[in-house]
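Protein sequence lines correspond, in order, to chains A and B. Read in order, the letters of the first sequence are residues 1 to 380 in this note's numbering. Read in order, the letters of the second sequence are residues 1 to 380 in this note's numbering.
Simulated from the structure, these hints should not be mistaken for lab results. As the structure is a prediction and not an experimental result, all values here were calculated from the model. Some hints here could point you the wrong way.
No distinction is drawn between identical chains; accordingly, a pair holds when it is met within one copy or between any pair of copies.
[As the list claims (entries may be wrong)] 20 Å max Cα-Cα, derived SDA-like pairs, lysine to any residue:
1. Lys30 to Ile12
2. Lys112 to Pro260
3. Lys112 to Ser273
4. Lys30 to Ile300
5. Lys30 to Arg155
Number of protein chains: 2
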Amino acid sequence: MSESATISDGMISVEREGDLCVLNWTDGRKEGFHSLWLRDNCQCADCLHPQTRERLFDLMTLDPNSDLIDHLETQNGSLFVTWSDGHQSQFSERWLHEHAYGEDARQARREKPTLWTSEVKNSLPEINYEKVMSGDEGLLSFLDMLCDYGFALIRQTPTRDLEVTRVASRISFLRETNFGREFDVISKPNPNNVAYTALELQSHSDLPNWEVPPGTQFLHCLEFDAEGGESTLVDGFAAARQLQSMSPEDFDLLCQLRIPFRFHDSDWDIRRSATTLALDSFEELEEIRFHSALTAPLDIPSDQVLPFYRAYRALTEIIRKPENILKLKLRPGDLLVFNNRRALHGRAAFDPNTGPRHLQGCYVDNDDVMSKRRVLRRRL
Amino acid sequence: MSESATISDGMISVEREGDLCVLNWTDGRKEGFHSLWLRDNCQCADCLHPQTRERLFDLMTLDPNSDLIDHLETQNGSLFVTWSDGHQSQFSERWLHEHAYGEDARQARREKPTLWTSEVKNSLPEINYEKVMSGDEGLLSFLDMLCDYGFALIRQTPTRDLEVTRVASRISFLRETNFGREFDVISKPNPNNVAYTALELQSHSDLPNWEVPPGTQFLHCLEFDAEGGESTLVDGFAAARQLQSMSPEDFDLLCQLRIPFRFHDSDWDIRRSATTLALDSFEELEEIRFHSALTAPLDIPSDQVLPFYRAYRALTEIIRKPENILKLKLRPGDLLVFNNRRALHGRAAFDPNTGPRHLQGCYVDNDDVMSKRRVLRRRL
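The shape of chain A in the complex, shown without the other chains (with noise of 0.2 Å):
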């Protein structure tokens, strides 16, 4: 789960091989750094703005076929080097041991969320609003779960108008899209989103026609008194990787098939194509985009059509197998919390006839998500 790992061996000695500076450890460890990329990573102020700490280094003032090191040497924890033209650069040991590109390295920088169906039950991802809102260290907490999980309940959030706003802001600004910067889940007349019907809704991930969907949904309940309206979720990466090992083409098409997501009423008309499925460049799933309301006429090669609709039939399968749907009947002062680029969101219908339900929504996005959670860390 950790983004930086603590150092816990130093560097006694640098020597050249070829393009690279290897660096040893104390416990073995060898890691290269190309003498350029050393060179482009200057941390000195006239390469790295002391404020901004934006790069202010020209990689194109460097003559591409000259030596570039003139002297390397290891002191005291650092890496100095002088470089032929004259200019000098220091490099600490927890630096160069945060920045390793080695294989090893870079693996184990890797975050590995925990999948999960619906088992999950017995031990949900939740905490309480105060500790949430009252410091650092709890909405730490919460931001770990989010991002282990894909989802966290918050419980007992008073039931007040746009409190779920408040909560958000706890993290960053609103994502703001065509439904408005908050949003109101009821049952209305001339809806234009089955959402605000009391129709059953399969699990789906919300606006997969824009370039970016919203990243982190926040639905706070704040009435619940009809019939039926159960919250599902389902893991999508879980489901993902269920369907890898059942019918690998499957998921390969999916996860290299762009496919037309549109919206459109009176006043919007917001089109994307994109793949079902993402994955980074480790092959970790990084996005679901599941939503048949928001498919349009598959607008794709001739010869991919039924291979499409045979490997979406899989998925959708999956997704609605019962054991891998948690199912929660919020209640008010529940604010579930979910990574709609991954937890795939739905609910039983509901008949509005028995009684009000009403949940109020926001989101926002997962950069800033992620964001919060280094800051936050970094404080701790």
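With chain A fixed as given, assemble chain B onto it according to the hints.
Coordinates of chain B only, in the frame set by chain A:
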């Protein structure tokens, strides 16, 4: 430039060829639609919500192995299908034409931007403030220029505080970032960003460290009496194509290799890895991320480090060629608007002691820009 071609010919008959329903048009063209695709896109009120235009039909209700179609015919410019379960669908000639997905039809719907070099100076895409603000037609002309060239100039914009917001709000709500909803580009003490100094800024894209960097940037010149400080723009897509023809392997590497970007100050730590160039499914350029100041120490496989630096240098050389750089000295009242995912911007250094230079800026995301353009086209 058009997203939906007008229909110039009619549909005369339909026949089945395996999984496909093949339509014959009066001009001799044939368009194949898969039966399953047609069923999935039934336009009736049970399958497509009449208000929300969202799909209600559930693909999982079909038996994937059955023959779906009972009967097919064309009549009065529509295709009528009776499905084997008795359900009936009707598709208009126009709708089928707009949604055909044969290779030719897909190609015909592509938008092809006009690439440019510094010579665009002789025919700048520019428009008067009054036109943009007073009617849909002027706004659409402005959006057409912006989408085609990746930038446009609005002249004679009143030099009022936050007028930039009023213009941007003609399109949509603003995209907020860690720099706020609006920002003032002036020389500041203790800047948290190089833009807020008087230093030269090489051509770059803003905020590549966000999952989605801001789409369209609005920069309104309120005051400008300083010496120097000319604005520069480079067509990043044109530069990328120049690289592709000179050195295809460098181009490919920049399309494939994700590199890390980061902004951090006391309140934020926003990181994202992304490719320098990105292509859509037609291999059309859709993005360039280029900002040395926010490029974090490369955290990529070691054997990619030197190839990346080589490719990056080659691209940088092209971007800095004078013949690729449009230079503009903004005057009070000029509002420069550009697609931050395509047009790289910069400025010459200026001397803040010779007079003020004050720009005010904000962002609107490209999803919103394109949505507004579609809605205006529908109306006009």
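Here's how the hints hold up against the structure:
1. Lys30 to Ile12: Classified as within: same-chain Cα gap 10 Å, cross-chain 73 Å, threshold 20 Å.
2. Lys112 to Pro260: between (30 Å within a copy, 19 Å between copies)
3. Lys112 to Ser273: Intra 27 Å, inter 17 Å, cutoff 20 Å: inter-copy only.
4. Lys30 to Ile300: between (48 Å within a copy, 17 Å between copies)
5. Lys30 to Arg155: neither (48 Å within a copy, 59 Å between copies)
This entry does not satisfy hint 5, going by the numbered hints stated previously; all others are met.
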